[in-house]
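A.B. asks: Protein chains in written order, with the numbering used here: chain A, 1 to 346; chain B, 1 to 94.
Treat the hints as calculated values from the structure; they're not laboratory data.
Don't take each hint at face value.
To be verified - Quick list of in silico lysine-lysine cross-link-like pairs, BS3-like style, CA-CA up to 30 angstroms:
| id | chain 1 | residue 1 | chain 2 | residue 2 |
| --- | --- | --- | --- | --- |
| 1 | B | 46 | A | 325 |
| 2 | B | 60 | A | 145 |
| 3 | A | 27 | A | 222 |
| 4 | B | 69 | A | 222 |
| 5 | B | 72 | A | 145 |
| 6 | B | 69 | B | 80 |
| 7 | B | 37 | A | 296 |
| 8 | A | 27 | A | 145 |
| 9 | B | 80 | B | 33 |
| 10 | B | 60 | A | 242 |
| 11 | A | 93 | A | 56 |
| 12 | B | 46 | B | 60 |
| 13 | A | 339 | A | 325 |
| 14 | B | 37 | B | 80 |
| 15 | A | 145 | B | 69 |
| 16 | A | 242 | B | 69 |
| 17 | A | 242 | B | 7 |
| 18 | A | 242 | B | 80 |
| 19 | A | 82 | A | 339 |
| 20 | B | 42 | B | 60 |
| 21 | A | 281 | A | 222 |
| 22 | A | 339 | A | 296 |
| 23 | B | 80 | B | 53 |
| 24 | B | 72 | A | 222 |
| 25 | B | 69 | B | 7 |
| 26 | A | 242 | B | 72 |
| 27 | A | 145 | A | 281 |
| 28 | A | 82 | A | 325 |
| 29 | A | 335 | B | 53 |
| 30 | B | 45 | A | 325 |
| 31 | A | 325 | B | 72 |
| 32 | B | 45 | A | 222 |
| 33 | A | 82 | A | 242 |
| 34 | B | 80 | A | 222 |
| 35 | B | 60 | A | 222 |
| 36 | B | 60 | B | 80 |
| 37 | B | 42 | B | 53 |
| 38 | B | 7 | B | 33 |
| 39 | B | 53 | A | 325 |
| 40 | B | 7 | B | 46 |
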Amino acid sequence: MVAENNSRNRYSRQTMFHGIGEEGQQKLTRSSAVIIGCGALGCNIANLLVRAGVGKVRIVDRDFVEYHNLQRQTLFNENDVKSQLPKAIAAQKHLHEINSLVEIEGIVADVNFSNIERFCSGMDVILDGLDNLETRYLVNDVSLKLRIPYIYGGAISSFGMTMTVIPGVSPCFRCVFPNLPPPRTMPTCETDGILGPATSAVSSFEATEGIKILVGSGLINKDLVTMDVWDISFERFPIVRKEGCPSCGGRYDFLEDKVKLIKSSLCGQSRAVQIVDTDSKGIALDLLAGHLSGVKNLTYNEYMLRFDVDDFGITVFPDGRAIIKNTLDESAAEKLYLKYIGKENR
Amino acid sequence: MASVTVKFNGIWRLYVGAGMATLQAGVIDEALKQIEKEFAPKFEKKLQERGVKLDGGILKHSYITLNRKNIKELAERTLKDGDILDLFVAIPGG
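Chain A extracted, bound-state conformation (with noise of 0.2 angstroms):
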């Protein structure tokens, strides 16, 4: 005899939990999440707040999902890279088969200043699921804008790290690290590698502390949290808020830079710049399949369309973000972008 698909047998072993019981899993499942970035942070705090039984999980991610994610990246598996599926709906689709009790959202989009708000607003809990610094001081702008709790979490090499954001109760991620560093002076999985013990370590924190947080615990996390899976060492740092931080001020630097075209090199891909319009009104990738000429290995579904163009791959959104490989020079991805997904184009 199957048992029954409901809450109260799917949850039992957590309501028994003495952190959770039941008001706490009635709790989670009127509460929600988002998850910003879905690489391997992003799966493991998506499979377990799905697994868990927040009501509510958004997934925003800018990525499609490619062989060299699979090492650490738990939601997918090789029928994704085959189906050329964005990362954000390869998650949905898998994490609906684990629980569909959970109502999960996946959204394909560069986050950026023009959107962030959007995605952002009405959830209980950001959880960090990135791969660069940039975004997050976004994130850690729009959290305390919002005021919206967002748990940091990053990991590279065997490395590990978190602390979490309470608007005007705790530090903020800018209190702690108040600058920005250079482009490309940070490593990211590609210089250094990245051990998925480390991301899971990390993420399993950052889902920990998202729970905490939707059940109202008192228990959150009030330290910068360090830790090295290699070395298997894991210490507690206590943080202060910064006097005079501008985003705890209210001044959201991040939130209000506001460029036309958005370009970054990206750390999940091997020498790609991405390209974002942010005045795009979409395009649709069937009309710019028939307009394009002169390219090679032309393929498109309903998520992206990919071409050749001499050493360059070039991916294409529906949303009129490009993702331009084999190259770190930003005006000449900007050049190939306007010449071959320009607005004549579409």
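Once you have looked at the hints, place chain B on chain A.
C.D. replies: Just chain B now, kept in the frame of chain A:
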């Protein structure tokens, strides 16, 4: 002069090629100057290997604690034997 241990945490360990160092200094600011002088060139060299030019910047991008307390919060700047300075930089990957 006090003998102070400097711990390079996380990414700094990758960039300066050491997890720990010992230095002699009387006050915090003196120790920080020594750290920048001795280890910033290693950071710069590592970046140069990646085609990036940057002058210094270990301290600018670090969260620094003395015996687990943020140095910016400390009124007492004098060091004593056995003190531990920890340096962190935000981890960007994920």
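A.B. asks: Look at each hint and say if it fits the structure.
C.D. replies: Against the structure, the hints:
Between residue 46/B and residue 325/A the CA atoms are separated by roughly 25 angstroms; this keeps the pair inside 30 angstroms, and the hint holds. The suggested pairing of residue 60/B with residue 145/A holds, with an alpha-carbon distance near 26 angstroms, which does not exceed 30 angstroms. Distance restraint check for residue 27/A and residue 222/A: the Cα-Cα separation of roughly 23 angstroms lies within the 30 angstroms cut-off, and the hinted pair is therefore satisfied. For the suggested pair residue 69/B and residue 222/A, the alpha carbons sit about 13 angstroms apart, so the restraint of at most 30 angstroms is met.
For a cut-off of 30 angstroms, the pair hint linking residue 72/B to residue 145/A stands: about 26 angstroms separates their Cα positions. With a C-alpha separation of about 15 angstroms, the suggested pair residue 69/B and residue 80/B falls inside the 30 angstroms cut-off, and the hint holds. Distance restraint check for residue 37/B and residue 296/A: the Cα-Cα separation of roughly 52 angstroms exceeds the 30 angstroms cut-off, and the hinted pair is therefore not satisfied. Between residue 27/A and residue 145/A the alpha-carbon distance is near 24 angstroms, which keeps this suggested pair within the 30 angstroms criterion.
Taking the CA atoms of residue 80/B and residue 33/B, the gap is near 17 angstroms; set against the 30 angstroms cutoff, the hint holds. A threshold of 30 angstroms between alpha carbons decides the hint, and for residue 60/B with residue 242/A the separation of about 15 angstroms falls inside it, so the pair holds. For the suggested pair residue 93/A and residue 56/A, the alpha carbons sit about 14 angstroms apart, so the restraint of at most 30 angstroms is met. Simply put, residue 46/B and residue 60/B have alpha-carbon atoms about 17 angstroms apart, close enough for the 30 angstroms limit, and the pair holds.
Distance restraint check for residue 339/A and residue 325/A: the Cα-Cα separation of roughly 16 angstroms lies within the 30 angstroms cut-off, and the hinted pair is therefore satisfied. Among the hinted pairs, residue 37/B with residue 80/B is consistent with the structure: their alpha-carbon atoms are about 21 angstroms apart, no more than 30 angstroms. The hinted pair formed by residue 145/A and residue 69/B meets the criterion: a straight-line CA distance of about 28 angstroms does not exceed 30 angstroms. For the suggested pair residue 242/A and residue 69/B, the alpha carbons sit about 13 angstroms apart, so the restraint of at most 30 angstroms is met.
Taking the CA atoms of residue 242/A and residue 7/B, the gap is near 23 angstroms; set against the 30 angstroms cutoff, the hint holds. Pair hint residue 242/A plus residue 80/B holds up; C-alpha atoms about 26 angstroms apart against a cutoff of 30 angstroms. Simply put, residue 82/A and residue 339/A have alpha-carbon atoms about 28 angstroms apart, close enough for the 30 angstroms limit, and the pair holds. Restraint check for residue 42/B and residue 60/B: the C-alpha separation of about 15 angstroms stays at or below 30 angstroms, so the hint holds.
A threshold of 30 angstroms between alpha carbons decides the hint, and for residue 281/A with residue 222/A the separation of about 42 angstroms lies outside it, so the pair is violated. With a C-alpha separation of about 15 angstroms, the suggested pairing of residue 339/A with residue 296/A holds against the 30 angstroms cut-off. A distance of roughly 36 angstroms separates the Cα atoms of residue 80/B and residue 53/B; the hinted pair therefore is violated under the 30 angstroms criterion. For the suggested pair residue 72/B and residue 222/A, the alpha carbons sit about 18 angstroms apart, so the restraint of at most 30 angstroms is met.
At roughly 14 angstroms between alpha-carbon atoms, residue 69/B and residue 7/B fall within 30 angstroms of each other, so this suggested pair holds. Restraint check for residue 242/A and residue 72/B: satisfied, since their Cα atoms lie roughly 9 angstroms apart, inside the 30 angstroms limit. Only pairs whose Cα atoms come within 30 angstroms are accepted, and residue 145/A paired with residue 281/A is accepted, the gap being roughly 27 angstroms. Of the supplied pair hints, the one linking residue 82/A and residue 325/A holds, its CA atoms being roughly 18 angstroms apart against a limit of 30 angstroms.
For a cut-off of 30 angstroms, the pair hint linking residue 335/A to residue 53/B stands: about 26 angstroms separates their Cα positions. This hinted pair checks out: residue 45/B and residue 325/A have alpha carbons roughly 27 angstroms apart, not beyond 30 angstroms. Under the criterion of a C-alpha separation no larger than 30 angstroms, the hint pairing residue 325/A with residue 72/B is inconsistent with the structure, at around 43 angstroms. Between residue 45/B and residue 222/A the alpha-carbon distance is near 35 angstroms, which puts this suggested pair outside the 30 angstroms criterion.
Pair hint residue 82/A plus residue 242/A does not hold up; C-alpha atoms about 48 angstroms apart against a cutoff of 30 angstroms. For the proposed pair residue 80/B and residue 222/A, the alpha carbon gap of about 28 angstroms is at most 30 angstroms, so the pair holds. As the CA atoms of residue 60/B and residue 222/A are separated by approximately 23 angstroms, the hinted pair is consistent with the 30 angstroms bound. Taken as a hint, the residue 60/B and residue 80/B pair is honoured in the structure, with Cα atoms around 24 angstroms apart against an allowance of 30 angstroms.
Only pairs whose Cα atoms come within 30 angstroms are accepted, and residue 42/B paired with residue 53/B is accepted, the gap being roughly 12 angstroms. For the suggested pair residue 7/B and residue 33/B, the alpha carbons sit about 15 angstroms apart, so the restraint of at most 30 angstroms is met. Of the pairs offered as hints, the one joining residue 53/B and residue 325/A holds, with about 23 angstroms between alpha carbons and a cut-off of 30 angstroms not exceeded. About 19 angstroms separates the Cα atoms of residue 7/B and residue 46/B, which keeps this hinted pair within 30 angstroms; it holds.
The earlier numbered hints that this structure contradicts are 7, 21, 23, 31, 32 and 33.
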